[in-house]
Amino acid sequence: NAGVTQTPKFQVLKTGQSMTLQCAQDMNHNSMYWYRQDPGMGLRLIYYSASEGTTDKGEVPNGYNVSRLNKREFSLRLESAAPSQTSVYFCASSEGTAGNTIYFGEGSWLTVV
Amino acid sequence: QKEVEQNSGPLSVPEGAIASLNCTYSDRGSQSFFWYRQYSGKSPELIMFIYSNGDKEDGRFTAQLNKASQYVSLLIRDSQPSDSATYLCAVKSAGNNRKLIWGLGTSLAVNP
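So the sequence lines, in the order shown, correspond to chains A and B. Residues in the first sequence are numbered consecutively from 1, following this note's numbering. Residues in the second sequence are numbered consecutively from 1001, following this note's numbering.
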């Protein structure tokens, strides 16, 4: 049982480049999330998808776009990477959004130079 | 601004002792409380969660809620060096169906 799988695990980008972080879950969860985690800032929600076909902004959506491709997959795109986007990114999923436990992927370490 | 606060630590305890971690929250309407453990370089993993109606015990871990004072505690009995990690508290409020509010975490060091 893989749970939440995200790729790539590590990536170095140059400023201005674009990339997509991929995420898939095999738990038949309705809701999916993208977080970033930075020292001293904690986990911050970038975007979430309450159910297939819907996406909503979280706390820090600027510079990112998302696509809920189907129930399993939720991708995060950086259109023009900036050094401020250097972070660890976590994809997560939950059965619903109302108080359900969130399960995290292993993380993607992104460095923008 | 709804907040969740944790002492950043590090909290240092000897092996075999009880570790007590606290998390305060500002929204009195909060209904669900989650404790996650995060090892360095790894993703958060759920330890346990409780609802506003009561405490919970699971093995060496106990989560306790004090609604009057608006804090939730995680007690780790017989602490082991493998418990050394950062513990994240997350709170979901009644009127916010989509997002958890996260604390910054408390670093725990269990010394052999």
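The hints are simulated quantities; they were obtained by calculation from the structure and are not laboratory data. Fair warning: there could be bad hints in the mix.
With the Cβ distance kept under 7 Å, some of the chain A side facing chain B (calculated, not the full set) [stated by the list, open to error]:
no., residue
1, F10
2, G42
3, L43
4, L45
5, P61
6, Y64
7, E106
Subject to a maximum C-alpha distance of 30 Å in a straight line, what follows is the list of computed DSS-like cross-link-like pairs (lysine-lysine) [stated by the list, open to error]:
no., chain 1, residue 1, chain 2, residue 2
8, A, K57, B, K1042
9, B, K1099, A, K71
10, A, K9, B, K1042
11, A, K57, A, K9
12, B, K1099, B, K1042
13, B, K1042, A, K14
14, A, K57, B, K1099
15, A, K71, A, K9
16, A, K57, A, K14
17, B, K1042, B, K1056
18, B, K1067, B, K1099
19, B, K1067, B, K1056
20, B, K1099, A, K9
21, B, K1042, A, K71
22, A, K57, A, K71
23, B, K1056, B, K1099
Backbone N, C-alpha and C fix where the C-beta goes; we use that ideal spot for every residue, glycine too.
Now the hints, each set against the structure:
| no. | hint | in the structure |
| --- | --- | --- |
| 1 | F10 | violated (11 Å) |
| 2 | G42 | holds (4 Å) |
| 3 | L43 | holds (4 Å) |
| 4 | L45 | holds (6 Å) |
| 5 | P61 | violated (13 Å) |
| 6 | Y64 | violated (16 Å) |
| 7 | E106 | holds (5 Å) |
| 8 | A/K57 / B/K1042 | holds (25 Å) |
| 9 | B/K1099 / A/K71 | holds (19 Å) |
| 10 | A/K9 / B/K1042 | holds (11 Å) |
| 11 | A/K57 / A/K9 | holds (24 Å) |
| 12 | B/K1099 / B/K1042 | holds (22 Å) |
| 13 | B/K1042 / A/K14 | holds (25 Å) |
| 14 | A/K57 / B/K1099 | holds (11 Å) |
| 15 | A/K71 / A/K9 | holds (22 Å) |
| 16 | A/K57 / A/K14 | holds (25 Å) |
| 17 | B/K1042 / B/K1056 | holds (26 Å) |
| 18 | B/K1067 / B/K1099 | holds (21 Å) |
| 19 | B/K1067 / B/K1056 | holds (15 Å) |
| 20 | B/K1099 / A/K9 | holds (25 Å) |
| 21 | B/K1042 / A/K71 | holds (25 Å) |
| 22 | A/K57 / A/K71 | holds (18 Å) |
| 23 | B/K1056 / B/K1099 | holds (23 Å) |
Checked against the numbered hints listed earlier, the structure breaks hints 1, 5, 6; every other hint is satisfied.
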